[in-house]
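J.: As you go down the protein sequences, you meet chains F and H in turn. Numbering (the working numbering) for the first sequence: 1 to 211. Numbering (the working numbering) for the second sequence: 1 to 181.
Heads up, some of the hints might be wrong.
[As the list claims (entries may be wrong)] Cβ pair distances, simulated, as ranges:
#1 F90(H) / S86(F): 18 to 26 angstroms
#2 V137(F) / G144(H): 44 to 52 angstroms
#3 L59(F) / G36(H): 51 to 59 angstroms
#4 W91(F) / D7(H): 31 to 39 angstroms
#5 G22(F) / V174(H): 17 to 25 angstroms
[Claimed, not checked] Here are some, though not all, of the chain F residues that point toward chain H, as calculated from beta-carbon distances under 10 angstroms:
#6 T3
#7 D4
#8 D5
#9 A11
#10 A18
#11 V78
#12 A80
#13 G84
#14 R85
#15 V88
#16 P92
#17 A94
#18 T111
Hints in this document: simulated from the structure, not taken from any laboratory. C-beta: ideal position from N, C-alpha, C; glycine also.
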Amino acid sequence: MNTDDLIRALAADTEAEASLSGRMWLVLVPALILALAALWLALGFRPDLAEIFGNARALIRWGLTITLALVSIRIALVLARPEGRSVVRLWPLAVVAGAAIGTLIWAYVTTPAEGLQMAVVGKTIWTCLVAIPTLSVLPVGALFWAARRGATRVPALTGAVIGLAGSAAAAAVYATYCIEDSPLFYVTWYSLAIIGVTLVSAAVGQRILRW
Amino acid sequence: MAAQIDDWGQLLTAANAGDEQAYTRFLQAVAPVLRGLVRARGASLGAAGCEDVVQEVMLAIHLKRHTWDQTAPVRPWLYAIARYKVVDAFRARGRKNDLPIEDFAEMLAASPDRDPTEATDMAKMIGMLDGRSETIVRKIGLEGASMSEVAAELRMSEGAIRVALHRALENLAVLRERHIK
Chain F
1 MNTDDLIRAL AADTEAEASL SGRMWLVLVP ALILALAALW LALGFRPDLA
51 EIFGNARALI RWGLTITLAL VSIRIALVLA RPEGRSVVRL WPLAVVAGAA
101 IGTLIWAYVT TPAEGLQMAV VGKTIWTCLV AIPTLSVLPV GALFWAARRG
151 ATRVPALTGA VIGLAGSAAA AAVYATYCIE DSPLFYVTWY SLAIIGVTLV
201 SAAVGQRILR W
Chain H
1 MAAQIDDWGQ LLTAANAGDE QAYTRFLQAV APVLRGLVRA RGASLGAAGC
51 EDVVQEVMLA IHLKRHTWDQ TAPVRPWLYA IARYKVVDAF RARGRKNDLP
101 IEDFAEMLAA SPDRDPTEAT DMAKMIGMLD GRSETIVRKI GLEGASMSEV
151 AAELRMSEGA IRVALHRALE NLAVLRERHI K
């Protein structure tokens, strides 16, 4: 087959494909709704969910997790493009990480010394460390599904950022159940859960995002 | 140079909106540039071997054309795909380089009057498609038939042919991946 024949066959294929971001949101939104429903069925929401909207200390976790999710989704969409790795900007991730560390320091300073240990350990470490990765499965899977239509040249990095995005979104979902309001608890343990999912996703990306 | 960049961008924008002619012109403009790139890197593959890689890259560009952001320049996007696929192709072929030289004799001695854009891999892959997909790709590519002609011949709707062609091209990329690895 010569190249002009191939060009003729390629040009005849005018099936349009949805853009990456359109495809991504199309599956991510249902995935998050399902994750929220699963959380509600398995653990229920915290009983005072409506009241904590006045509590800044508790609200920061949504600020952090939702910002991390949005920033990571944006970065994943850039990395999913072939030229993405040369145009991507990763510093917004550092800003979010800085904000998380800042929150942690602020909580450390403002928590009375005798309450520190209780605040860090809380009562639900294991629930948190199991629930966040479990709730991540759907959003991370949805993001991978969309990214496979992309063309990344850095599969492991793209996988990692997808893991970050999906697990941060899962953490925001989990926060509707989580009763631990001290940043000492949630910054520490949410981060650990998110880092775990991110590492696994990097390995998955390395395998399934090749093209 | 700048005019050329805009030109490619306009062609691909029109192509992604479904303009078949603009797309043909885009691919025709891109092919020689890719050929130069591949030959500069892999002269040892011979003309036909290089053209295999060129066609592989063209197929990848086709299947990933929706990843181009219309507000971004075309060339970095295009070269990124080319680089990724060329490295991939040479790596895959590099593993076979321990073959005795006799196996390449025929290729090295390829007569100068043969079509330099003729390649063999793609035809092999097309032969591995299921019967109907093979017919569709052959009719449209090699015989230059139109969608409606193929639709009439296979007694399918044009829409169904369109979808089948798209699937067939995706399958070609998958077959190719399996075949060279």
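J.: Now, for every hint given, state plainly whether the structure supports it.
T.: Now the hints, each set against the structure:
1. As the Cβ distance of F90(H) to S86(F) is approximately 21 angstroms, the hint placing it in 18 to 26 angstroms holds.
2. With their beta carbons about 48 angstroms apart, V137(F) and G144(H) fall inside the hinted range of 44 to 52 angstroms.
3. Roughly 58 angstroms separates the CB atoms of L59(F) and G36(H), a value that falls within the hinted 51 to 59 angstroms.
4. In this structure the supplied range 31 to 39 angstroms holds for W91(F) paired with D7(H), their Cβ-Cβ distance being about 35 angstroms.
5. For the pair G22(F) and V174(H), the beta carbons lie near 24 angstroms from each other, so the given range of 17 to 25 angstroms is met.
6. For T3(F), the shortest C-beta to C-beta distance to chain H is roughly 4 angstroms, which falls under 10 angstroms, so the interface hint holds.
7. Annotation: interface hint on D4(F) holds; nearest CB of chain H at approximately 7 angstroms, less than 10 angstroms.
8. Given the 10 angstroms rule on beta carbons, the hint for D5(F) holds: about 4 angstroms separates it from the nearest Cβ of chain H.
9. Interface hint at A11(F): satisfied, since its Cβ lies 4 angstroms from the closest Cβ of chain H, which is below the 10 angstroms cut-off.
10. Residue-level restraint check for A18(F) holds (minimum Cβ-Cβ distance to chain H is 7 angstroms; threshold 10 angstroms).
11. Annotation: V78(F) was flagged as interfacial toward chain H, and the flag holds, the nearest CB pair being 9 angstroms apart, inside 10 angstroms.
12. Taking 10 angstroms as the C-beta cut-off, the interface hint given for A80(F) holds, the closest approach to chain H being about 7 angstroms.
13. A least Cβ separation of about 8 angstroms between G84(F) and chain H falls short of the 10 angstroms threshold, and the interface hint therefore holds.
14. Checking R85(F) against chain H by beta carbon gives a least distance of about 8 angstroms; that is within 10 angstroms, so the hint holds.
15. Residue-level restraint check for V88(F) is violated (minimum Cβ-Cβ distance to chain H is 12 angstroms; threshold 10 angstroms).
16. Because the smallest distance between the Cβ of P92(F) and any Cβ of chain H comes to about 18 angstroms, over 10 angstroms, the interface hint for this residue is violated.
17. Because the closest C-beta pair between A94(F) and chain H is about 24 angstroms apart, greater than 10 angstroms, the hint is violated.
18. Given the 10 angstroms rule on beta carbons, the hint for T111(F) is violated: about 46 angstroms separates it from the nearest Cβ of chain H.
Checked against the numbered hints given earlier, this structure breaks hints 15, 16, 17 and 18; the rest are met.
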